[in-house]
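Chain S is already provided as a structure; the job is to place chain D on it using the hints.
What follows is each chain in one-letter form.
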Amino acid sequence: MNSRILHIATNTFREAVRDRVLYNLVAFALLLSGAAVLVGQISIDIERLVVINLGLTAVSLFGIVIAIFIGIGLVSKEIDKRTLYTVLSRPVKRWEFIAGKFFGLAGTLVVNTFLMAIGVFAALAYVSQHFQSSDASVLVALYFIVLQFVVITALALFFSSFSSPLLSAVFTFSLVVIGSFAEDLRGFAKMTHGITRLLATGAAYLVPNFSALNVISQVAHGEAVASPLVVYNTAYALVYATAVLSGAVLIFEHRSLK
Amino acid sequence: MIRSRRVTVAAAGLLFLCMAASAVLLRQVDQVRTAATLQDVLYVSSPKLLKRLSLGYEGLLADVYWTRAVQYFGEKHHAGGGRYELLWPLLNITTQLDPHLIPAYAFGQTFLSARPPNGAGVPEKAIELVEYGIRNNPDDWHLYYDLGFIYYDLKDYGSAADAFLRGSRVPNAHPFLKILAAQMAEHGGDLETARMMWTATYQTTHDKQIRANAAAHLLALQADQDVTELERVVENYRQKTGHLPNSFAEMAAGYLRGVPSDPLGNPYKLTADGHVLLSDPDNLPFVEKGLPPGYVPPAAPKIHPAD
Numbered sequence: 001m002n003s004r005i006l007h008i009a010t011n012t013f014r015e016a017v018r019d020r021v022l023y024n025l026v027a028f029a030l031l032l033s034g035a036a037v038l039v040g041q042i043s044i045d046i047e048r049l050v051v052i053n054l055g056l057t058a059v060s061l062f063g064i065v066i067a068i069f070i071g072i073g074l075v076s077k078e079i080d081k082r083t084l085y086t087v088l089s090r091p092v093k094r095w096e097f098i099a100g101k102f103f104g105l106a107g108t109l110v111v112n113t114f115l116m117a118i119g120v121f122a123a124l125a126y127v128s129q130h131f132q133s134s135d136a137s138v139l140v141a142l143y144f145i146v147l148q149f150v151v152i153t154a155l156a157l158f159f160s161s162f163s164s165p166l167l168s169a170v171f172t173f174s175l176v177v178i179g180s181f182a183e184d185l186r187g188f189a190k191m192t193h194g195i196t197r198l199l200a201t202g203a204a205y206l207v208p209n210f211s212a213l214n215v216i217s218q219v220a221h222g223e224a225v226a227s228p229l230v231v232y233n234t235a236y237a238l239v240y241a242t243a244v245l246s247g248a249v250l251i252f253e254h255r256s257l258k
Numbered sequence: 001m002i003r004s005r006r007v008t009v010a011a012a013g014l015l016f017l018c019m020a021a022s023a024v025l026l027r028q029v030d031q032v033r034t035a036a037t038l039q040d041v042l043y044v045s046s047p048k049l050l051k052r053l054s055l056g057y058e059g060l061l062a063d064v065y066w067t068r069a070v071q072y073f074g075e076k077h078h079a080g081g082g083r084y085e086l087l088w089p090l091l092n093i094t095t096q097l098d099p100h101l102i103p104a105y106a107f108g109q110t111f112l113s114a115r116p117p118n119g120a121g122v123p124e125k126a127i128e129l130v131e132y133g134i135r136n137n138p139d140d141w142h143l144y145y146d147l148g149f150i151y152y153d154l155k156d157y158g159s160a161a162d163a164f165l166r167g168s169r170v171p172n173a174h175p176f177l178k179i180l181a182a183q184m185a186e187h188g189g190d191l192e193t194a195r196m197m198w199t200a201t202y203q204t205t206h207d208k209q210i211r212a213n214a215a216a217h218l219l220a221l222q223a224d225q226d227v228t229e230l231e232r233v234v235e236n237y238r239q240k241t242g243h244l245p246n247s248f249a250e251m252a253a254g255y256l257r258g259v260p261s262d263p264l265g266n267p268y269k270l271t272a273d274g275h276v277l278l279s280d281p282d283n284l285p286f287v288e289k290g291l292p293p294g295y296v297p298p299a300a301p302k303i304h305p306a307d
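Protein sequences, first through last, are from chains S and D.
Note that my numbering numbers the first sequence so that position 11 is 11, with each residue one more than the last.
Note that my numbering numbers the second sequence so that position 229 is 229, with each residue one more than the last.
Honestly, the hints are just simulated from the structure, not real lab data.
What you were told as hints is all true, and nothing was included just to trick you.
Simulated pairs of lysine-lysine, DSBU-like, Cα-Cα distance not exceeding 35 Å:
# : chain 1 : residue 1 : chain 2 : residue 2
1 : D       : K125      : S       : K190
2 : S       : K190      : D       : K76
3 : S       : K190      : D       : K208
4 : S       : K81       : S       : K93
With the rest of the complex left out, here is chain S (with noise of 0.2 Å):
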């Protein structure tokens, strides 16, 4: 990553922090020490079931909002104020300047999330006394969303580098919706024909696939994941990202400022 890219993501993280994201942690940590004590209240022997099933959901859906709410205003926030002129007046590039931006905010949802697992592993310790081998699968379940991190951050910079905020929320959210029935999707095409099938099938490839990337429920369970799913998710997950950026560079490179 070169100085300015690197630059430009410093300050969106300390932006980000500056505008009090991280304050969604006070919830988390509130959220998951009231149903630990509840569900350790109440020994009904689901107490780790619940606290995975409630603490990796919680984690999903807070990154979730910050990266579509964060994500929408990236550009459209320094054009608003006006420093993206300055910015681009220095000897920044138009992809630099997208780049940096996804990685600043990319950066800021893995810090986010690194918080939020250690409270689901006290919360964990808390209920069971102990760790188990199987709890090795949240690590990879976390892994998993943060990925879906990435690809919706990816989609969140993408619509804003092009369209308002609030149709850009309306997007990111939709794709966030539909992406979770994408394997629903491509089994819809499947069971279709001719042309139609053609059609539905692009369209399922060319949405994101989120359902891969939750295995909140297995890891509840005690199942372990794959590793050749960890290997394609995280290679799928990367390259997705990258075609949704290089789409929005585009976009932004020839887009008029003015």
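Showing chain D alone in chain S's frame:
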């Protein structure tokens, strides 16, 4: 300007390259995920919970589960899995989410009650599903027909006749329900009744898998009838000539017109002890007669798409 064009070309190239790579990777992910996807269904097996989680969009969720049920059965059937443990939960969830999704009941009637490897082999669940459908759609005669068919398959001709009779009283019911009720009461186990039942299914269903299944049953019934008839002709020949024929060609004069063939065009075989066998029974999965001794059907039954 040149630098900007270079960035554009590079970004466009990267975009297409990465999208193509993501499609390839997604196929790999799908291959690894096949088993895991089905497991997901079990984690949320409560229709009530799903209904609440759907936030009022249970119709859409029912469609999703219905598609999953059809795909689950289709993929397992194609792979020759033989066991369909998730077919009942999937259909149960589908119909609980949308009790008016009629095709799901017909699908359940056919493939829940059929014995493995052609179905899940749980006729009691099929009855439960269709009875639930009748309670929620009392004016749909197809459901009574489905129910009657399950009882017919169980050889419970009295209950089958009762179901058809109930269906015949529904407004706008198909007139053949009355005929089926009478036929079931008097000639439940006849070959002709079976043919009537499968023909009705073939003609009334819109589901391709159910239609193909009915067509395969009709072909099997034809083969069963052929074998019975041919063995009768062979016996006639033996009684008149005092010995069994060595081949069908020997019977050409006065008994048969050429070498007889099964409904798919494959010639029947005549054994030395006068039995008639199918030369290719794998293609007639529901056939009961003319099977070679010790015949083991294939794990994945060959059911060809119906026209």
